[in-house]
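Enquirer: If you count the sequence shown from 1, you need to add 1176 to reach the numbering used here.
In short, the hints are calculated from the structure, not lab data. Treat the hints loosely; a few may be bogus.
[Unchecked claim] With a cut-off of at most 27 angstroms between alpha-carbon atoms, the simulated DSS-like pairs for lysine-lysine come out as follows:
no.: 1; residue 1: 1228; residue 2: 1215
no.: 2; residue 1: 1234; residue 2: 1210
no.: 3; residue 1: 1228; residue 2: 1202
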Amino acid sequence: MESPDCETLLRFFDELSETSNRVSTKDFQDHLIKWGLDKGTVRSYIAKCDPKKTGYIKRRDLC
């Protein structure tokens, strides 16, 4: 899969965060790779979404 747009990232996030407003970066990373994104692209997204390395990503961090 090429680089996903914001809507696609939000859909992936929502699948993981049904009961919480945040998702662990590891879970989100694994989920994106499972959906076919390149590992390098995923690492780049994770770095942008969690620049302070809190270990969690919130929906608002994606776009």
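Enquirer: Next, verify each hint and record whether it holds.
Expert: Evaluation of the provided hints:
A hinted pair counts as satisfied when its Cα atoms are at most 27 angstroms apart, and residue 1228 with residue 1215 qualifies at roughly 20 angstroms. Restraint check for residue 1234 and residue 1210: the C-alpha separation of about 20 angstroms stays at or below 27 angstroms, so the hint holds. Restraint check for residue 1228 and residue 1202: the C-alpha separation of about 14 angstroms stays at or below 27 angstroms, so the hint holds.
Consistency with the previously given hints is maintained throughout, with no hint failing.
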